[in-house]
Structures are given as structure tokens and as C-alpha cells.
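> Starting from the structure of chain A, add chains B and C where the hints point.
Protein chains in written order, with our numbering: chain A, 1 to 382; chain B, 1001 to 1361; chain C, 2001 to 2296.
It is worth saying that the hints were derived from the structure and are not from the lab.
Just so you know, not all the hints are guaranteed correct.
Beta-carbon label-pair distances, calculated as ranges [unchecked claim]:
id	chain 1	residue 1	chain 2	residue 2	range
1	A	G267	C	P2060	45 to 55 Å
2	A	I184	B	S1124	52 to 62 Å
3	A	K163	C	N2127	24 to 34 Å
4	C	T2002	B	V1333	55 to 65 Å
5	A	E217	C	P2060	42 to 52 Å
6	C	G2148	A	K289	47 to 57 Å
Derived coverage of chain A by chain C (criterion: at least 3 residues anywhere in the stretch with Cβ under 8 Å from a Cβ of chain C; other residues may be distant) [claimed, not checked]:
id	stretch
7	190 to 198
8	202 to 211
Just a sample of chain A residues kept apart from chain B, beta carbon distances all over 10 Å, derived [as the list claims (entries may be wrong)]:
id	residue
9	D55
10	I68
11	V277
12	D283
Glycine included, every Cβ here is placed at the ideal spot set by N, Cα and C.
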Amino acid sequence: MKRLGIKIILGAAALCMLALPVQAGTYKVGAIFAVTGGASFLGGPEARSAQMVVDAINKNGGINGNKIELIIKDSGANPEKAISFAKQLIEEEKVLAIIGPSTSGESMKIKKIAQQGKTPLISCGAAEVIVNPVASYVFKTPQKDSFAVKKIYAEMKKMGIDKIAVVAGNTGFGKAGKAQLTKIAPEYGIKVLAAETYDKKATDLTALVAKLMANKEIQAVVNWSIVPAQAIIAKNMRQAGWKVPLFQSHGFGNIKYVQAAGAAAEGIIFPAGRLLVADSLPDSNPQKKMLLKYKHDYESRYKEAASTFGGHGYDAMNILVAALEKGGADRGKIRSAIENLHGFPGIGGVFTFSPKDHNGLDINSFAMLTVKDGKFVLYDGK
Amino acid sequence: MRDSKLFKIALLIGLVIGVQALTSVTGTQYYLTQLTMSAYYALLVIGLAVVMGYAGQISLGHAGFFAIGGYLSAALTTHNLVGLQANPVIHGLGNLGMLVSGQDIYGEPLLVVAPWAACIIAVSMAAMIALAIGIPVLKLKGHYLAMATLGFGIIIYRIGLATEYFGEADGISEVPGFTLFPAIGSLGPISVSGDFGLRVENYYVAWGLLVMGLWLLLNLIDSRVGRALRAIHGSEEAAEAVGINTAGFKLKVFVLSAVYAAFAGVFLTHYNGGIGPSEASVMKSVRYVALVAVGGMANVWGTLVMGVGLSFLSLRGVFGTYDDAVFGAILIVVMLFAPDGILSMNVRALFGGRRTTDEHR
Amino acid sequence: MTQALFFQYLFAGISYGVIYAIVAIGFNIIYNTTGIINFAQGEFVMLGGMISISLLHYFPLPVAIALAVVITMLVGALIEIIFIRWLDSPSVLRMIIITIGLSILIREVALHIWGESIRSLPYFIGNELTTVSIGPVRISPQVFWVVGVCGIMVLGLSLFFKMTSVGREMRACSANRTAAILCGINTRNMVTLSFMLSAGIGALAGCVMSPITYTQYDCGTSLAIKGFTVAILGGLGNSMGAVAAGILLGIIEAYSVAFVPLAFQDAISITILLIILFVRPHGIFGSSAAARLKEF
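Okay, chain A solo, but in the shape it has when bound (with noise of 0.2 Å):
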């Protein structure tokens, strides 16, 4: 008996914590990241850029007067939350919209919740699925896998590559990255002649080097991963004497990454936004004011290196704020708000949505990078 009055206590007292009073004047808005657990390389920056871009904007009076109410949740890379939080942000918080989750995976799971809740959800998920088929409240600010596939694929045409071998972590990014390397290899005449996938926990690669590096064929190797495995094949590679040039993802936009291959990541090309090379772009480019706030704003207030990653809860943010800047406090009318953005400078690069495209970023998003002393540079070809 005793435990039962305990439970109907439990009861009463969750329905205690009912309906928080909506404050007059303020724009409700949603975050769902995984700030924790596996996928928190990716969650921590986003909620911490979104948290950011809120707070200035608070600061400066809001919008149009309104203050904006972030609640961020923390999902820690856990689908079921992913799908609670969404249900609970749209229908108890009434949030105007949903910003996140980080993983792919989850941003599936909810992306049915958010239409027929019919309220905009802008992922930072990487996997192109999220927005193909596109579902007219989804939206995603990263770039696509596609492009960046073609991109690297175009530079191993310019150096005469044709047989390459595939490595991914088994994260939805490693995942969604090595499908699109081997559909679009027939494109441009390119074999995968290996596909492996490593545990995102992998802390050594030697043996898969030591197996890839036995076909002498290969020549070349990609990686798509964005975990610090990532790091860890370069060293193996370049420590098995493997002279091969290794591309890695846009996932590699992380200077950290560079600092734990050290000497072992010079060299590597890949393609990613450019966030990671800012400085060096012409003052024409229309990137570069949004680029170079961002990575002051973020790296003062954080003491930590500004990743393309965090940009994509920063893009995010952003595109919201301008839809509720025209939309007001509608959901729909944020979502035709978002869809009819055109030319809209970001971190990812310049956005511009239409019905039929619910990313907004064109190739043109990528440049080619490269490591140059411990840094990151454009990539000019050989």
C-alpha cells in the first residue's frame, strides 16, 4: 500500500509540473542535440553556436521586439528521446519550430512527427534522405554527401586516380558518405575496389591499413567519418610507409583532428566549407563577414576552435531567425518563409530553398582543402 501511495504522490506531483506560463512576447523555439553521449563531437558545438546566436539576439532587444525562448534537449544521440522531445516540443511547449537533432539517424525519426505536427524542422543531420523525398516542413543546413562525393571524385580525374578503396566510421554520417562514394564512382569511371567500415570507438587501424595497403592497386583511399578515427587512419597510413593521398570528408573540418594526426595529416585533401579558410577569401565573397563573426564570436566566448559542425546548428539558428523575422509567430508561415529564402549567406555556405530543394546549397558550398603545416589551406591541385 505503501508503495502505491508513493506512486499516485509520483503522479500528482508530475501533474504539478503542468503548463509553464507563456510569456507575452516571446518566440518559443526548440532544439533537440546530442550533447552527450556518442555523437557529442557534433551535438556540443551545435547547441553551443545556437545558444550563441539566441543570446546576441536577446541582447540586441530580440526580434521585432520578441525575445526568442530556446529549450534545448538533450537527446544524446538516442532516437526514442529524439522522438519524445519532438512530440513534447511541438505539442506541450508549442514551440515555433525544431532546430537539430545532430544524427541522422534521429532526424529520420522525427521527420514524420514534425510534418504531420506541422511544425518546420531544420536538421543538422548529414544524410541526404532527410530532405529526399522532401517533406514540406523538413529542412537540413548541411551540405550534401552527393557534392561533396563529386567534388573529391573531380579531383582524383585531375590526377589520374581510378582505383580507390573506401573506409567509413559506422556513424549515419560514415554510413550515408560511403553509399554515395560507391553509387556515384561508375559517374566518373572510378572503382572501389575495398569498402570497410570501423567502429567510431576504433582506436587503432593498423591491421585494416596493413589489409588495404596489400592490393597494390588502390590508388588512393577515402575516409568518411567524423569521429577521431578519422585522425587515427591517417597516422597508420602514413606509418605503414603508405604513400597513397588520402581524402577525407567535409567531416574533417575540425582543426582538432589536424592537431591529433600531426605531421601524419599533411597532405590530405578534402572538401568543406569555408569556415576552415576564411581569412584567406577575397572580401567579394559573400561568406566571408558571416564566416569571420561566427569564428570570433564562437572562439571568444568558448576558448575552443570554431569546427563546421558547430556551423551547422549556427546555419540553422540563423535561417530560423530570418523566417521568424518575416513569418512572426506562424508556423506555417515561417516554413513558406524558410522555403522562399534565396541567396542567404551561412557557414555552410549561401542558402537558397525552394520547394523542390530543402538543403539550399549547390557544390559551389565546397571548396577543396588541404593540411599545410598544421593548418588549413586551399587546395590548388598538384
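Coordinates of chains B and C only, in the frame set by chain A:
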């Protein structure tokens, strides 16, 4: 004894209905979403409680059984079999009425296994795997048992994460609803799905399943072997000495708990419309052990309350970025100060009862 | 498989295996004095790495490592004093749960202190590209550091347990605690000591492997699982067994790459271990008599 059990169950049913009524009166029906999800987790947890509390076996791999159920039913009900129609097995399944055809979002023909058939396949698979690994695993003790169950969980996690059929890191999305009862007359069909409009009925489906599971477990505990084990405070040696087949009881309970976990997996996956590899992770298994520990090992009612309560709070994101930390802290605090669970401090300790065995060190 | 490839896998396997073995030895030290498996052992490895990396800003490398080892030892002692010391003969199940809880807690604290980004110590000799050639195989000198440190630790520990009186007292606690108390041994202090020792060993391992594997707040969990597996396989409490089992597991993992997709590596190695466990429940190198004594 029996009367008090009946009375408690009736009270629980009353409470379930009461909560639903209260949310609908106060316009806070959104609470039902997390209550539904928590009920499924609680189903797994009460099964595990009997394994740990009565059979005295730790299992650090129960998320594996949940995942077997969830993944199999998700994969079977989403992967298109149109290309395999000529295959005799598929053809046979079709003749048995176990397949449903339809159209996907592009208007292409779609042929998948019916959810009820997938559910049967998934749950029986979990039961068979539990039986197959239960026989050798349950012979192990202490740390060796912990290692074996942990290893089992990791294998399932790895398979999900590495197999394209199971969606690798992304898991499986767009799992269709599971229609339990077709529409009768003016009553609509009852279907397990996350649609906003089906919330109330899904709440009752989840809690109905939980109450049924609870009833079955309570009867099992009251069975001859269960009573005997309890009477001698869970000491296996003593039970063996009076001629009780403890090995058989342990295996039975283990398989039953796997079936509970698989059912929870199947239903929650249909409710969520998808499943991801995190459902099979070691952290999830540890979390279930934490819930059992807090509820008090051999206390099915306690684990039910804590399983629902803590899952509910966690799913609502109350603990923020400290979610895992909270569970870690709960594990420590409960095991240090109230090894019998925080709701049953007065019940004699399972561990205290094991004094004879503890003396070995 | 060519001969060169055969040796490359072999050396890769040994370098994985030695890391697992060091973690497993940490498990064994505490197990030997208390009969407890400390699931937070992996977190000691993480703490050693993290603390030394943080201290590197202020001190030269050897000092940073030494301080990190000492600090982690203090953490180990604190954990024992706060959470374990006053428990009256706790059961295996209860200790498993408490130490799992500790491991989660330490990991989360580390996340909130150091954040989610990866860090590493610099290579002790040379840099990321430096290698030493042995026949067809090229090996990073850091691997020799790991192997060397592991070897010295195993040797040092077995001398410590056999030759010194403190070591003998610790072994006495494990063999028969009541008898040890009767002989006037302060068993409680011995337990604290064993936690400090194993924390120190874990921390040192975390420092030497950091340049190779990197250090992240959650790197302890997977190491702990591997280390636990190895400790079980080698027979709980058997340090030589742990080294042999660690290298065996490492080699199985390395060669499995040749035959099955890498993605299934862990599933394969753990399946093999489970089979071994079912056939020989006391591990490959453990004795069944000892296992019976130690269970529960």
C-alpha cells in the same frame, strides 16, 4: 496473499484510468506519450526484476533482447519483398496471409510482412535465442555471468550496427503502425502507432500489456518454485538441497524475461515508428539494471513504479545533460544505502539473505 | 596471405593486446585483494590521460605523467574510502552495480570538466611519422613504450606481491580475509592500497597509450569491456594469464580483419570469447579450483 494481489492490480488499473481521465480533463494529454513509452520499458524491467531478484542472476544484456524484438519486427515490416515474390518461402508466407501489399510514397508496389506475423517471428526468435544462450550462460556465476551477458548484449549491438539490413548506424525508420484489432462497426481500428490522434488508445494498449505481464509474473512468483525460493531467501544451495529444480526455474524465468523484452521492443518500435542501435547499447542494459536495483531486486511492484517513474522523467528530458550521470548516481546511492530498493527498505535483503555466500571472501 | 601481411597483422595484434592486458592487470589487482571487479578501471585509464594532458601546459612531460599517476591514485583511494570501505562484505552483484555506477559518474564528470573533444599527449620519441622497421613491418616507437611499460609493470607487480611484506599481506587478504585479520593485517588499508595501485597502473597505461589511441572522456568504457574480457579469459586474478589472453584477443582481432568485414570485428571476437567461456568457465589460464573459491 491472493486477495491482496488482486486488490493491488485493481488499484493499478484504476490509477491507469484515473491518470488518463485527469489528463483529458486538464488538457494535458501530451503526458500520455511518455507514459506509453515508459510502460513498455517497465514491461522489460519487471521481467528483468524476476531474473535478478528471484533467480539471482544478473543480466547486463537485456537491451539485446529488446533490440532483437524491435529490430526484427521493424526490418520485416519495412523491407520491400516485391523483388523476392518468386522465392518459395516468400510465396509460402504470402499464402499464409502473412504478407501485406501496398504502395510506398513514390507509388511503387510494396510488399512487406504483416506486423502481427513479424511480431510472432520476432518474439519467438528472442525466446529461442534466450533458450540457446540461457542454458550455458546460466551455469556461470558471479563475474563470469556478468561477462557472458554483457558479451551477448555487445554482439547484438554490433550486429545491428554493422548490418545493412538493420540500417547500420541510422537504424530503421518509417516502421508502419501495428493494427491489433480491425475496425468493428463504428469503432475504429486499434493500432500501435505514434500518430498524434491515436495517443489515448496507445496508452491503454501499453498499460494493458504491462498489467497482463505483471499478472503473469506475480503468478509465477507465487508458483511452487517461486515460493520456495522466497521462503529460503533466495539461497540457491538451500533450494537445491530440498530438491527444487532451481536450474529449470532460472532458465524459465530467463526466457520469459527475454520474451517480455522482445514484446516491449516490438511494440515500442511500432509506436515510435523506428529503432536505432542505441536501443541495444550496453548503456541501455545498465540502465535497466539500475531501474531494477532502484525498485528493489525481488520487488516486482517496486521495479514497476521506478521503471515507469524514472523512464518517464528521463524521456521528458528532466535530467538534461546529466541523464546518464543521474542513473549512475542512482545506482551507487541505492546500492550503498538501500540495496533492496528505495521503496522497500523494510523487506529483508536479498543480499543479506546471501550471507552464507558472502563469507567466502 | 603473404608473409609480410602475416607479420603486419601479428604486430598490430600484439600492440592492441598489450593495451588490453594493462587494463586487465588493473582489474586483477583489485580482484586479488577484494574479490571485486572494479568496472571503473577504464575510467582510471581515461583520467590518467586527461590529467597528464592538462598538466602538460605547466610541466614537462615526465613530471606531468608522474603527477597524473599520483593524482589518479588519490582518486582511486578516495573512491575506495567513500564508496567501498565501509561496506560489510557486499555481494558480487552489489559490487558490480556500484562500480558500474562509479564508472558512469566519473565519465560524466570528465565530460563536464574536459568537454567532448579529443586530446592526446605528444609522442614520447619522434612524431606521428617516426617508425622503426623490423623486417617487413614498420612500428611506431610508442608501441615499444606501451609494451615496455606493460612488461615492467607485470614484472614489478609479481615481485611486489612475492617479495615485499605489503604485497604478501595483500595476497593474504585475497586468500582468506578472516585469517588475514586474525594475523593482524589491516585488511581495510590493504583494500585502499589495492585501489591506489590499480588506479596508478591504469593512469600510467592511459598516459603511454594516449599518443596512439587519443584520450576522450568516454574512452574508458570500451577499454574496460575489453580489459574485463581479457581478465576473465586469462583467469581472474592471474596477471600472466591476462597478458597472454590480451595478446591472444589482440591477435584474433587483427587477423579477423583479413577474413570478415571490420565492422563485425567486435562481434566475432566476443563470440569466440563466449564460446571459450562456455567450454572453460574459469578462463583459458585460470584454474577451476581457484575459480570455485572466488565465486560469490
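> So, against the hints stated earlier in the document, which numbers end up violated here?
Checked against the structure, the hints that fail are numbers 1 and 2, while the rest are satisfied.
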